[in-house]
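All chains, full assembly: derive it from the sequences and hints.
Sequence order for the protein chains is A, B, C and D.
Position one of the first sequence corresponds to residue 1 (the numbering used here), numbered consecutively onward.
Position one of the second sequence corresponds to residue 1 (the numbering used here), numbered consecutively onward.
Position one of the third sequence corresponds to residue 1 (the numbering used here), numbered consecutively onward.
Position one of the fourth sequence corresponds to residue 1 (the numbering used here), numbered consecutively onward.
Any given hint could be a false lead.
To be verified - Computed list of lysine-lysine pairs in DSS-like fashion (alpha-carbon distance at most 27 Å, straight line):
#, chain 1, residue 1, chain 2, residue 2
1, D, LYS496, B, LYS36
2, A, LYS9, C, LYS105
3, B, LYS36, D, LYS155
4, B, LYS260, B, LYS119
5, A, LYS68, D, LYS496
6, B, LYS233, B, LYS76
7, B, LYS266, B, LYS233
8, D, LYS155, B, LYS97
9, B, LYS119, B, LYS233
10, B, LYS79, B, LYS97
11, B, LYS97, B, LYS76
12, C, LYS103, A, LYS60
13, C, LYS197, C, LYS103
14, B, LYS233, B, LYS79
15, B, LYS119, B, LYS36
16, B, LYS76, B, LYS156
17, D, LYS539, B, LYS36
18, B, LYS97, B, LYS119
19, B, LYS185, B, LYS156
20, C, LYS194, C, LYS105
21, B, LYS156, B, LYS119
22, C, LYS197, C, LYS130
23, B, LYS79, B, LYS156
24, C, LYS103, A, LYS9
25, D, LYS155, B, LYS92
26, B, LYS79, B, LYS266
27, B, LYS119, B, LYS79
Stated by the list, open to error - Footprint (simulated), chain D over chain C, 3 or more residues, beta carbon under 8 Å:
#, stretch
28, 46-59
29, 88-96
30, 158-169
In short, the hints are calculated from the structure, not lab data.
In this text the structure is predicted, and so the values were computed from the model without any measurement.
Glycine included, each C-beta is placed from N, C-alpha and C at the ideal position.
Letter by letter, the chains look like this.
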Amino acid sequence: MSEHISPVKLYVTIWLALLVGTGLTVYAATVDLGAFNPIVALAIATTKAVLVVLFFMHVKYAHERLTKMVIVTAIFFFLILLGLSMADYGTRLWT
Amino acid sequence: MANNVDALYIFLLVVSALMSLAIFTMVVFFAVRYRKQAGRSAEQIDGSHALEITWSVIPFCVFMVFFGWGAALYFKERKPPENSAEVYTVAKQWMWKFEHMEGQREINELHVPVGRDVKMIMTSQDVIHSFFVPAFRIKQDVLPGRYTVAWFHATKPGTYHLFCAEYCGTLHSGMVGSVVVMEPKDYQAWLGGGGNQPLAVTGQRLFSELGCVTCHRSDTQGRGPNLAGLFSKPVLLEDGRTVAADENYLRESILTPAAKIVSGFKPIMPTFQGQISDEQLNALVAYVKSLGQQSDATGGRGIAAATSQP
Amino acid sequence: MHNSPIATANHEAHENPALLHHFATEEQQKNAASLGMWIFLVTEIMFFGGMFCAYLVYRYWYFGDFGTASSSLDLTLGTVNTVVLICSSLTVAMAVRCAQVGKQKAIVVYLLLTIVLGLAFLGIKAIEYKQKFDENHVPGLAGFHLEGHIPRHPDIPVNQQHAQIYFSLYFAMTGMHALHMIIGVGLFTYLAYKASKGVYRPGYYTPLENGGLYWHFVDIVWIYLFPLLYLIDRHP
Amino acid sequence: MATAVLETGERETYLNKEYGIKSWLLTVDHKRIALLYLMGITFFFFIGGFFALLIRLELLTPAGDLVQADTYNKLFTMHGQVMIFFFLIPAVPAVLGNFLIPIMIGAKDLAFPRINLLSWYIYIIGGMLMLYTILNGGVDTGWTFYVPLSTEFLKTQVVTAALAVFISGFSSILTGLNFIVTIHRMRAPGMTWNRLPLFVWAHYATSIIQVLGTPVVAIAIALVALERVFHLGIFNPSLGGDPLLFQHLFWFYSHPAVYIMILPGMGIISEIVCCFSRKRIFGYKAMALALVGIAVVGFLVWAHHMFVAGISLYAALIFSILSYFVAVPSAIKVFNWTSTMYKGSITYQTPMLYAFGFIGLFTMGGLTGLFLAALGVDVHVTDTYFVVAHFHYIMVGGMVMAYLGGMHFWWPKISGRMYPEGWGRLAALLVFAGFNLTFFPQFILGYLGMPRRYWDYSHSPEFQILNVLSTAGATILAVGYLLPMVYFLWSMRYGKPAPDNPWNAAGLEWTIPSPPSTFNFDEQPVVTWEAYNYDEIEKEVPVAQ
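Listed below in structure tokens is the structure:
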């Protein structure tokens with residue numbers, strides 16, 4: 001799939017970014033952001049995951065859309081699982 | 001309710017019968033009319049979007065009628081009318097235990113008056129069961145750890161089957177009983193039989209025995225919220241949420257008081273999880289609800305009277 | 001669509017030992033393996049997805065108790081482990097790169113480094129589990145007890161039952177993740193062995209690449225597990 | 001074309017290329033693996049069928065007199081688990097799909113032949129564990145494993161049964177993965193997506209469900225086992241856990257699982273209806289789209305199994321309306337099959353009889369599904385025999401009819417022999433009649449209020465007459481199922497040798513010899529025609545036979 005060869009420098013940059021993200025998320029957890037604490041935590045985690053997927057897993061350089069479609073499909077159905085389950089849990093107390 | 005369900009059922013039946021009849025007729029007709037014959041070969045047809053759209057849109061519209069009708073019925077089935085007679089139900093492997101507001105207790109047999117809305121407030125001591133009375137077209141799973149609610153309105157005296165409809169272990173099929181629907185006067189006579197203590201009174205006694213009364217006072221000086229008039233009202237919580245004080249809220253607040261702290265109070269109430277039986281819990285809930293139905297003053301007196309006990 | 005493989009009965013291609021008989025070209029074989037791996041990762045997403053769904057429901061219900069239980073985890077060890085895993089992802093990426101550019105010895109070195117980091121992660125995880133056993137924070141064992149109160153509510157003690165749900169999820173999720181790590185270490189041992197035989201070269205490194213995809217995926221799961229399990233409601 | 005010839009003078013085929021147990025157990029040939037699966041699923045079909053027969057015998061009389069209550073509970077549990085996880089789910093994909101997909105798309109094998117063999121071994125390990133469970137006292141959770149009954153109350157072999165289902169799930173996942181990659185990567189030149197037989201489309205849609213859904217039920221059942229063994233508390237209501245959460249996770253897979261069973265059946269029926277009507281399929285694109293549509297929308301409807309379970313009213317609304325959405329593509333399929341027959345030149349060979357049966361029974365199964373999706377009616381009929389009848393119409397009336405139709409249709413290709421046509425038609429009629437007699441009375445029983453999973457109904461003797469009818473039907477059905485097994489076995493030795501294309505059918509599988517050689521095609525085929533090009537075939541052979 002990936003005849004593309006990334007330079008070492010890129011890998012090290014991503015690695016550093018991931019480490020910074022880890023530090024950031026630990027720090028953010030100690031600050032009171034109210035409802036934004038979990039949102040910030042998930043946003044940082046997602047950014048880290050996207051970096052790994054795009055660069056370490058070479059999805060950025062995939063020739064065809066198929067790989068991306070596969071990933072998007074999985075995330076879509078995962079969100080369906082969460083979303084429709086919460087459609088139950090989120091509305092149980094409604095009258 | 002049974003008539004309403006049957007009406008939709010018959011409507012579904014007729015529409016489905018027409019649909020299947022149409023399909024079966026076409027299949028049989030085509031199979032015979034277009035059977036292989038000498039001198040005639042198949043005529044190729046690639047399809048027709050117009051037809052395909054027709055037989056997607058028309059069924060879809062019919063389906064939406066099913067949906068709307070079914071949903072309307074469901075909301076009626078799931079929402080007990082106000083002022084229903086209430087029966088607290090505890091299911092366990094493999095029996096049904098009922099307790100009427102008047103204090104009558106029954107096992108596997110439920111007596112109700114004809115022409116009255118009856119609300120079942122149900123919980124399970126062990127696994128999931130399901131309260132099913134085919135004649136009333138109602139079914140509701142009964143879960144451990146929370147209340148579920150069902151209601152019915154019997155229109156004809158008689159004895160009806162009561163089934164457990166959710167598989168619950170060895171004697172699942174033995175977890176059956178009957179609902180006896182009686183004329184109101186017969187029902188009154190049946191009620192008068194026992195000399196029982198009304199459920200709310202049992203609850204009131206427990207309320208003082210367990211010491212609830214020392215904090216939940218009728219004035220504003222108590223360390224716990226005043227419970228008079230509480231039931232079915234919205235409650236503002238410490239964390240800013242507002243919840244409705246329904247049966248499940250009362251239940252949770254007794255078993256795990258710290259889960260929902262009422263605004264302005266401290267979480268000092270001990271948990272009663274594992275310390276009271278489901279029946280006692282039902283009595284307490286019934287009592288707190290009865291405070292809601294009385295005027296505040298009566299509720300206060302009731303509590304005040306109970307404080308004299310040790 | 002455009003990706004219909006143009007397969008021709010190319011008999012010369014069949015002399016290549018790495019090409020299995022039922023593929024027409026090496027390109028087709030490689031694309032098949034890669035797609036297969038991604039679809040396998042889809043199943044993994046849904047596998048962990050079930051647990052994330054359970055987590056979401058209970059965190060929504062028992063937020064305060066989850067906060068207390070979460071704060072009882074060792075943040076230092078958790079952070080160190082996160083760093084360890086991120087480093088291992090780098091070494092995996094480097095190993096694949098070395099195969100691409102044909103540095104065969106370096107592949108082995110990076111793979112061994114990855115294995116060491118993977119074992120370090122598992123070791124630290126074991127220490128954390130041990131702590132939980134010592135502190136009686138293991139659900140289902142008699143004597144489960146979690147001290148403490150709901151964050152910012154010193155007068156509300158933590159609910160023992162709900163704390164057990166948290167730790168059940170904690171052990172199920174991290175346990176399942178650790179199981180994947182163990183499988184990963186096994187897989188990489190095999191890959192390192194093969195690499196030491198010089199199997200992987202610029203034209204052929206698909207197994208290595210797919211192993212890498214697996215390892216990165218397991219890393220991503222941890223990237224989410226770490227904030228969701230360790231960092232709930234830690235602020236004062 | 002250089003066809004290999006054996007020393008005996010016979011043509012070399014995948015069947016006679018090698019002999020001996022080892023050549024089968026270590027084969028990576030998708031056709032041989034399909035036959036290995038065939039043996040496995042046939043074995044489990046008869047085990048499950050045996051349980052079903054005992055269930056029907058017990059219900060012949062109202063009192064629980066044939067077996068004990070616990071035994072009865074084990075019977076319906078193991079009937080469900082064996083039939084669903086070890087027969088229905090693997091049956092069509094792993095046997096016919098495995099055999100045909102590579103051939104239909106012009107490939108030599110699946111993309112991952114060794115993984116294909118691995119998934120058979122995983123299936124067998126799961127199956128052995130299920131057998132161990134059965135022999136070691138059985139399990140009585142109901143096939144649904146509902147908590148907290150399964151986690152805390154039952155004393156039977158819940159953990160091994162859970163493990164068996166868990167393991168067999170991976171077999172299903174790997175099969176689905178293999179199919180998706182094969183269909184994406186292994187198509188012959190010219191075999192575009194728009195030229196794929198609908199059988200292949202159906203398996204593509206099925207595989208999507210297998211890959212996305214199965215892991216969720218795997219983890220749900222694994223959590224049940226963990227909860228039972230280590231007393232973790234994820235669904236435990238006494239810790240504040242929610243038993244309904246298990247149901248959500250379980251049905252997230254187990255509802256789409258119904259489509260794992262029925263979609264491949266729909267693929268088979270499309271092939272058969274076209275062939276015996278001598279027609280192109282009516283509305284190819286709509287049919288392909290409907291298959292994928294059912295697979296996707298099928299993921300959005302799972303909580304319609306939980307309308308009385310205590311979920312929120314508003315969630316019930318969402319799931320009810322979405323359930324109607326999934327009915328639309330199903331309706332399209334039925335109408336398009338019917339229209340395919342219009343102006344055809346129809347013959348009534350055994351596979352076509354099964355296809356007629358399928359269309360009828362699937363229509364009834366689908367329409368009764370509309371009853372269950374209507375919230376107000378579902379409250380009354382759920383967890384009664386109405387539901388039992390409904391899903392048997394889909395799974396047995398639909399899927400098993402299609403499976404048998406497919407087995408007859410492709411048996412000449414698989415075995416190289418013809419089955420006896422007269423016996424085949426008789427069996428098809430017996431299955432159809434027996435099926436309706438077994439399950440139609442159950443709709444009525446359900447509306448009258450007989451709950452499912454009841455061992456003893458002596459409190460309601462009025463249910464007996466319908467139960468007697470049902471049991472009578474089951475015996476006819478049993479004969480109908482045994483017959484094909486007997487004459488298929490018979491035909492392997494005594495059947496007339498099959499020509500390459502006995503039905504004069506379209507599709508790459510009919511262009512190669514029966515039975516095929518190991519690599520299917522001597523030369524890479526190049527596809528230049530659309531699927532179901534019966535117009536061209538009819539022109540070539542003006543009057544077949």
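Going down the list of hints, with the structure as the test:
no. : hint                 : verdict
1   : D/LYS496 to B/LYS36  : holds, 24 Å
2   : A/LYS9 to C/LYS105   : holds, 20 Å
3   : B/LYS36 to D/LYS155  : violated, 61 Å
4   : B/LYS260 to B/LYS119 : holds, 26 Å
5   : A/LYS68 to D/LYS496  : violated, 51 Å
6   : B/LYS233 to B/LYS76  : holds, 21 Å
7   : B/LYS266 to B/LYS233 : holds, 20 Å
8   : D/LYS155 to B/LYS97  : holds, 25 Å
9   : B/LYS119 to B/LYS233 : holds, 19 Å
10  : B/LYS79 to B/LYS97   : holds, 23 Å
11  : B/LYS97 to B/LYS76   : holds, 26 Å
12  : C/LYS103 to A/LYS60  : holds, 24 Å
13  : C/LYS197 to C/LYS103 : holds, 13 Å
14  : B/LYS233 to B/LYS79  : holds, 16 Å
15  : B/LYS119 to B/LYS36  : violated, 64 Å
16  : B/LYS76 to B/LYS156  : holds, 20 Å
17  : D/LYS539 to B/LYS36  : holds, 16 Å
18  : B/LYS97 to B/LYS119  : holds, 15 Å
19  : B/LYS185 to B/LYS156 : holds, 14 Å
20  : C/LYS194 to C/LYS105 : holds, 12 Å
21  : B/LYS156 to B/LYS119 : holds, 17 Å
22  : C/LYS197 to C/LYS130 : violated, 39 Å
23  : B/LYS79 to B/LYS156  : holds, 22 Å
24  : C/LYS103 to A/LYS9   : holds, 17 Å
25  : D/LYS155 to B/LYS92  : holds, 17 Å
26  : B/LYS79 to B/LYS266  : violated, 34 Å
27  : B/LYS119 to B/LYS79  : holds, 10 Å
28  : 46-59                : holds (count 10)
29  : 88-96                : violated (count 0)
30  : 158-169              : holds (count 7)
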